[in-house]
Structure formats: C-alpha cells, structure tokens
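Undergrad: Start from the sequences, fold in the hints, and give me the full structure.
Residue numbers (the UniProt record's numbering), protein chains in the order written: chain A, 1 to 258; chain B, 1 to 355.
Everything labelled a hint here was simulated from the structure, so no lab data went into it.
Heads up, a few of these hints could be off.
Each computed PhoX-like pair below joins lysine-lysine, with the alpha-carbon atoms no more than 20 Å apart [said to hold, decoys possible]:
1) B/93 / A/152
2) B/83 / B/119
3) A/133 / A/220
4) B/299 / A/147
5) B/270 / A/152
Which chain B residues stay away from chain A? Per the calculated CB distances, all over 10 Å, these [said to hold, decoys possible]:
6) 175
7) 179
8) 334
Just so you know, these numbers come straight off a predicted model, no measurement behind them.
Virtual Cβ for every residue (Gly too), placed ideally from N, Cα, C.
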Amino acid sequence: MVVMLFDEGRSETLMGEEEDDDIPFTQPSTSQVQKGLEKLTPAQVDQKTAEVVQYFLMKDQKKIPVRRADLVKHVVKEYRNIYPEIMKRTARTFEQVFGLKLVEIDFKNHVYILINKLETLEGAPVRSPSNPKMGLLFVILSVIFMKGGAVKETLVWNTLKKLRVDPGEKHEEFGDVKRLVTDEFVRQRYLEYVRIPHTEPLEHEFRWGQRAELEVSKIKILEFMGELHDRDPQSWSQQYKEATTPSSSSQPSTSSQR
Amino acid sequence: MRRARGDGAEESPRQNGTAGRRRGEQRADSGDGDDAGGGLGPADMPEEDNDPGLRREIRSKYRDLINSVQQNREDMLSPSNNKLHEVLEEANKLFRDVRQAREAALDAQLLVVATDLGKEKASQLFVEGNAFDPSAFAEHLLSFMGLNRLEEGDEEQQHGGGVDGYLPQDAWHRVAERAERCFRTAPCFHYMMGSFHAEPPPPKQRIERQRKAPSKEVKRIMPTQLKKMEESQQEATEKEVERILGYLRGYYADEPTSPISYYEFVIDPKSFSRTVENIFHTSFLIRDGLARMYLDESKLPCIAPVEEGEVENGGLSSRKQCIISISLRSWRELIDALDISEPLIHPPTSQSVSQ
Numbered sequence: 001m002v003v004m005l006f007d008e009g010r011s012e013t014l015m016g017e018e019e020d021d022d023i024p025f026t027q028p029s030t031s032q033v034q035k036g037l038e039k040l041t042p043a044q045v046d047q048k049t050a051e052v053v054q055y056f057l058m059k060d061q062k063k064i065p066v067r068r069a070d071l072v073k074h075v076v077k078e079y080r081n082i083y084p085e086i087m088k089r090t091a092r093t094f095e096q097v098f099g100l101k102l103v104e105i106d107f108k109n110h111v112y113i114l115i116n117k118l119e120t121l122e123g124a125p126v127r128s129p130s131n132p133k134m135g136l137l138f139v140i141l142s143v144i145f146m147k148g149g150a151v152k153e154t155l156v157w158n159t160l161k162k163l164r165v166d167p168g169e170k171h172e173e174f175g176d177v178k179r180l181v182t183d184e185f186v187r188q189r190y191l192e193y194v195r196i197p198h199t200e201p202l203e204h205e206f207r208w209g210q211r212a213e214l215e216v217s218k219i220k221i222l223e224f225m226g227e228l229h230d231r232d233p234q235s236w237s238q239q240y241k242e243a244t245t246p247s248s249s250s251q252p253s254t255s256s257q258r
Numbered sequence: 001m002r003r004a005r006g007d008g009a010e011e012s013p014r015q016n017g018t019a020g021r022r023r024g025e026q027r028a029d030s031g032d033g034d035d036a037g038g039g040l041g042p043a044d045m046p047e048e049d050n051d052p053g054l055r056r057e058i059r060s061k062y063r064d065l066i067n068s069v070q071q072n073r074e075d076m077l078s079p080s081n082n083k084l085h086e087v088l089e090e091a092n093k094l095f096r097d098v099r100q101a102r103e104a105a106l107d108a109q110l111l112v113v114a115t116d117l118g119k120e121k122a123s124q125l126f127v128e129g130n131a132f133d134p135s136a137f138a139e140h141l142l143s144f145m146g147l148n149r150l151e152e153g154d155e156e157q158q159h160g161g162g163v164d165g166y167l168p169q170d171a172w173h174r175v176a177e178r179a180e181r182c183f184r185t186a187p188c189f190h191y192m193m194g195s196f197h198a199e200p201p202p203p204k205q206r207i208e209r210q211r212k213a214p215s216k217e218v219k220r221i222m223p224t225q226l227k228k229m230e231e232s233q234q235e236a237t238e239k240e241v242e243r244i245l246g247y248l249r250g251y252y253a254d255e256p257t258s259p260i261s262y263y264e265f266v267i268d269p270k271s272f273s274r275t276v277e278n279i280f281h282t283s284f285l286i287r288d289g290l291a292r293m294y295l296d297e298s299k300l301p302c303i304a305p306v307e308e309g310e311v312e313n314g315g316l317s318s319r320k321q322c323i324i325s326i327s328l329r330s331w332r333e334l335i336d337a338l339d340i341s342e343p344l345i346h347p348p349t350s351q352s353v354s355q
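TA: Structure follows, in structure tokens:
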C-alpha cells in the first residue's frame with residue numbers, strides 16, 4: 001500500500017540541487033489522471049509501471065531510498081500526468097508479485113523505500129549468505145532501543161570497541177567503521193545521527209532511522225536480548241511496553257486497494 | 001550566603017541553592033587553617049585572591065575533576081559506583097578557594113557535567129528493572145560470536161580493553177544471521193544469470209578449428225587399434241576358460257568318484273600369478289553354470305563339472321555366490337598342506353602374458 005498525499009493542484013518544489021532545470025513536479029488531480037489515462041493504451045501504462053518497478057528494484061540493491069523527483073525525471077517522464085495511477089499499480093505489483101511493501105518514509109520530500117511484507121519464519125533456512133554489516137547495525141539498533149530510543153555517540157563507540165570494532169581503526173570486516181555507521185547507515189535511513197546542541201566538543205546522538213522503524217521488529221530484538229542475557233524479555237518492562245505497543249508513526253498507514 | 005571579600009577582587013558568581021552542595025562557612029568568621037590554598041591567616045586573604053600560582057592550581061584541579069567525570073562516565077554510571085559523590089565532595093572543597101570568574105566558570109562546567117551524570121544515574125534507579133548495561137551486552141555477544149576466551153593473557157595484544165581471546169572468522173556472520181531474523185528487509189534484486197558479456201567470441205572459434213584438425217587424424221587411427229586389443233583380450237579369456245573346462249572334464253572323466261579338490265585344481269605351485277588367473281577363469285565356469293563348487297566332508301572346497309543335462313536345471317534359485325581370495329602366504333601354505341608339486345592346469349604354451 002502506498003501512502004500518498006493527493007494535493008489537488010498544489011505545486012511542489014523539488015528537493016535537491018540537480019532539479020534546477022526541470023519543471024517542478026505538480027501532483028496531478030484525480031480528474032487530470034483520468035484524462036491522462038484516456039489518452040494512453042493499457043499496454044503503455046503497464047510498460048511504464050514495469051519500468052518503475054525495475055527502477056525501484058535496482059535502487060533497492062543498495063538500500064538507498066528513492067526520491068520522487070528522481071523517479072519522475074528518469075523514469076516516469078512524460079507520463080507524469082498519470083503519476084498517481086502508476087504508483088498505485090507499482091505498489092500493487094510489489095505487493096502481489098514480490099511480497100514487498102512500497103512505503104513513503106518522508107511525506108515532505110517524497111522518499112520511498114521497499115520493505116518485506118513477509119516475516120522470516122523461525123525454522124526457515126537461511127536464504128542467502130548473511131551480510132555482516134547487518135550484525136553491526138543490529139548491535140547499534142539494539143543499544144539504542146534498550147536505552148530508550150536515543151544514545152550519545154560515545155556510548156555506541158565504546159560498546160563497539162568492546163566488540164573489537166574501533167571507529168578510529170580500519171576493521172578487517174567493515175573497513176572504515178565511522179563512515180559505515182554515520183554515513184552509509186544514515187543514508188539508508190537505518191540510523192539518525194543528530195547533533196546535540198550546546199555540546200563542547202561537538203557530540204551527536206544516535207536514533208533509529210525511518211527504515212529501521214519500519215523494517216525492524218522491536219519485540220524480536222527484545223527476544224534476542226532475552227536469549228543473550230538469559231532473562232525473560234518481559235523483565236525489561238519499559239522496553240517490552242515499547243515493543244508491543246503498535247505505534248502509529250512506525251507503521252505505514254494503508255490505503256484501500258482498487 | 002557567601003560574602004565576597006572586599007577590595008576589588010571579583011565576586012564569586014556562585015549563588016546558593018544548587019543541590020548537593022553544602023554551604024556553610026563564612027570566610028570572614030572562620031580562620032580555616034586547612035584550606036586548599038595553604039594555611040594563610042585571615043589577614044592574608046586579599047593576596048591569596050590574586051596569587052596566580054594558587055589560581056592556576058585551583059583551575060587545574062577543576063579541570064582534572066571535569067576530565068575524570070567525562071572519561072569515566074560509563075563506569076560512574078553504574079549504580080554501584082560512588083565516584084560521583086567523591087567528585088562532588090572534592091569540588092566543594094575546591095570551591096572554598098574560588099575567587100575569580102575563571103575558576104567559577106570551571107566550577108559551573110563541572111556542575112553541568114556532574115548533574116548530567118547524576119540525572120542519568122537517577123533515571124537508572126527509577127527504572128531499575130529496565131536497566132540495560134551495554135558492557136554486559138557486549139560480553140554476552142562476544143560469547144555468542146564464539147569468542148575463545150584464553151585462560152591466561154597471552155602476549156597477543158590488547159583488544160579495546162576487553163577480554164583477551166580469539167574471535168572466529170565468521171563471528172559477525174553469526175550475529176548477522178541471527179539479527180536478520182529481526183528485520184523485514186526486502187531481498188536484494190540480482191540477475192540470475194548475470195549480465196551479458198560484451199566481449200566478442202571470435203578468438204575462441206579460432207582455437208577450436210585448430211584443435212579439430214589433428215584430432216580427426218588421431219581418431220582414424222584409434223578404432224583399428226582398439227579393435228585389435230579388444231578382440232585379443234576377449235579371445236584370450238574365452239579360450240582360457242574353455243581350456244580349463246577341458247581339463248576339468250578330463251580329470252572328472254578319469255575318476256568320476258573321486259572329488260577334485262578346488263585348490264589342487266587351480267593352484268600352480270610354480271607361479272602365484274598363474275594361480276590367480278586360474279581362479280579368475282574358473283569363476284567364469286561357475287558363473288555360467290558349467291561347473292559347480294561344493295564342500296566335502298572335511299569342509300574343503302571341491303569342484304566338479306556340471307553334466308550337460310543338468311546345466312539348465314541348475315536353476316537360478318540354487319545358485320549361490322561367494323568371494324574367493326588368495327594371498328601369497330595362503331598360496332604357499334596351501335601348496336605345503338596339500339603337497340602340490342605340479343599344476344593340474346598346465347600353462348598354455350603360447351602364453352604372451354607375463355608371469
């Protein structure tokens with residue numbers, strides 16, 4: 001399901017420097033979309049949808065979110081007048097064909113990511129070689145979560161050092177750790193790395209990013225914590241509450257399918 | 001409330017009311033001998049205010065305190081650690097000698113750092129059951145990763161303050177595998193067959209053509225050679241088997257009542273390899289049902305030809321299989337035991353196979 005804002009006729013400014021010479025993308029109204037569809041054959045619309053699907057799949061390899069501006073400029077192009085219809089179909093394709101969810105994580109700047117609709121089953125065989133970076137990310141996310149949602153960066157670095165990962169040194173497995181954590185993970189929207197005001201010297205805070213909020217199951221993290229510490233996950237009452245409350249901000253709202 | 005000493009020295013900006021700070025002594029009244037500044041009497045106070053050495057010392061001690069809180073923050077966070085209390089007591093003592101703005105500023109900075117820490121400690125207490133200790137987490141995770149903890153410290157050096165030991169190569173893979181279960185990540189898209197190669201194929205074709213030419217000639221020669229070999233082998237075996245059958249029938253015909261000992265039959269006392277060949281060829285007779293083996297009263301194997309008429313009646317049902325092996329040693333023992341001096345199966349005269 002795609003969460004979309006249907007701004008009737010209101011112009012949107014494109015984000016980013018590269019869009020200077022482009023006509024700002026205006027979200028077309030429903031009537032405009034209807035008119036646009038009448039002028040095209042179903043095959044044409046299907047073709048364009050397929051192209052958008054493929055674009056997303058390619059971009060998702062690196063887990064970098066897709067911006068609407070780029071999508072319109074590079075793929076949708078002259079079909080922009082039926083953009084909402086294409087996105088609707090794209091979302092449906094992902095859902096029904098791939099079992100994936102297309103989610104808008106930034107309503108202001110119109111940025112999308114793909115996540116899995118399906119949960120991994122407990123006993124399922126590992127489907128592909130695991131990516132050690134996920135392990136590192138997991139450690140950081142866990143610490144943030146267990147500590148209430150935001151931690152000073154020093155805490156993260158110190159914890160990693162205990163695991164023999166030093167941001168100041170090149171790591172065998174991860175290379176430039178600082179860059180991986182503060183740049184790559186942040187661009188992928190797994191983490192947020194924000195400045196704490198009035199700190200001298202400058203300090204940052206780590207929080208969960210939008211992708212993490214959508215992709216990561218807090219209760220499953222808590223379960224793993226329980227296994228590691230040999231404790232009942234419920235004994236962390238605060239965190240357990242956080243993990244079991246469905247929060248409106250973290251789950252994408254669904255729109256009805258046509 | 002503290003009164004600043006007269007004469008132009010800057011007033012201390014510190015006011016009452018900060019938590020945990022004990023106020024008290026009015027400098028004017030008491031004549032503390034045990035000041036941090038060193039035991040000057042009240043009359044010398046103004047000078048003490050301006051003594052640069054003393055000022056520096058105070059500032060330096062404040063900086064030390066601030067550093068110690070910042071460096072050891074995590075340790076001090078631990079509920080069992082009381083260092084913060086000590087720091088505050090130290091600061092209290094130092095504060096008595098604060099006269100100038102610079103020192104007071106440092107005092108203020110220390111206060112910010114200390115209260116921040118204090119706040120965190122307090123919040124920990126409030127949610128005692130929810131406390132999460134990242135150090136313990138790290139320890140557990142290292143175990144999960146398969147850390148091989150060493151009994152004694154090796155000269156192998158120091159990993160970030162942690163336990164010595166070897167982490168296996170796949171340590172992070174293990175974590176990743178377990179961690180991925182908590183994620184709902186979309187699987188990565190990749191082409192199954194890879195992308196197409198832009199390289200031109202012609203070079204390969206040339207090589208193939210060159211190779212084909214010689215191979216054809218070789219092939220022409222091969223068939224004729226092979227045929228010869230196969231025939232000779234097959235023929236040789238068949239002939240030999242027939243020959244042995246002949247011997248067997250001959251001996252049997254001579255003395256139908258006297259059983260032929262199997263070993264006496266096959267063993268060639270002059271050649272071990274011949275013996276093995278005889279066993280090999282005799283087995284064909286057995287397989288084809290032209291001869292049969294049985295055990296006599298002494299449980300020694302005997303061999304006898306099968307009558308012409310019996311061949312088909314033998315039937316598959318009554319057939320049994322066995323494996324016969326013979327070693328050099330057993331061969332010699334048999335020769336001795338059975339007193340074999342002459343082979344019953346004479347070696348063929350035109351034999352080209354080496355012995």
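Undergrad: Evaluate each hint against the coordinates.
TA: Status of the hints after comparison with the structure:
For the suggested pair residue 93 of chain B and residue 152 of chain A, the alpha carbons sit about 31 Å apart, so the restraint of at most 20 Å is broken. Between residue 83 of chain B and residue 119 of chain B the alpha-carbon distance is near 15 Å, which keeps this suggested pair within the 20 Å criterion. Among the hinted pairs, residue 133 of chain A with residue 220 of chain A is consistent with the structure: their alpha-carbon atoms are about 18 Å apart, no more than 20 Å. Our distance criterion of 20 Å between C-alpha atoms is broken by residue 299 of chain B and residue 147 of chain A, whose separation comes to about 86 Å.
Between residue 270 of chain B and residue 152 of chain A the CA atoms are separated by roughly 93 Å; this puts the pair beyond 20 Å, and the hint is violated. Chain A draws residue 175 of chain B into its interface by the beta-carbon criterion, the shortest separation being 3 Å against a cut-off of 10 Å. Once the 10 Å rule is applied to beta carbons, residue 179 of chain B is inconsistent with being away from chain A; the minimum gap is 3 Å. Once the 10 Å rule is applied to beta carbons, residue 334 of chain B is consistent with being away from chain A; the minimum gap is 59 Å.
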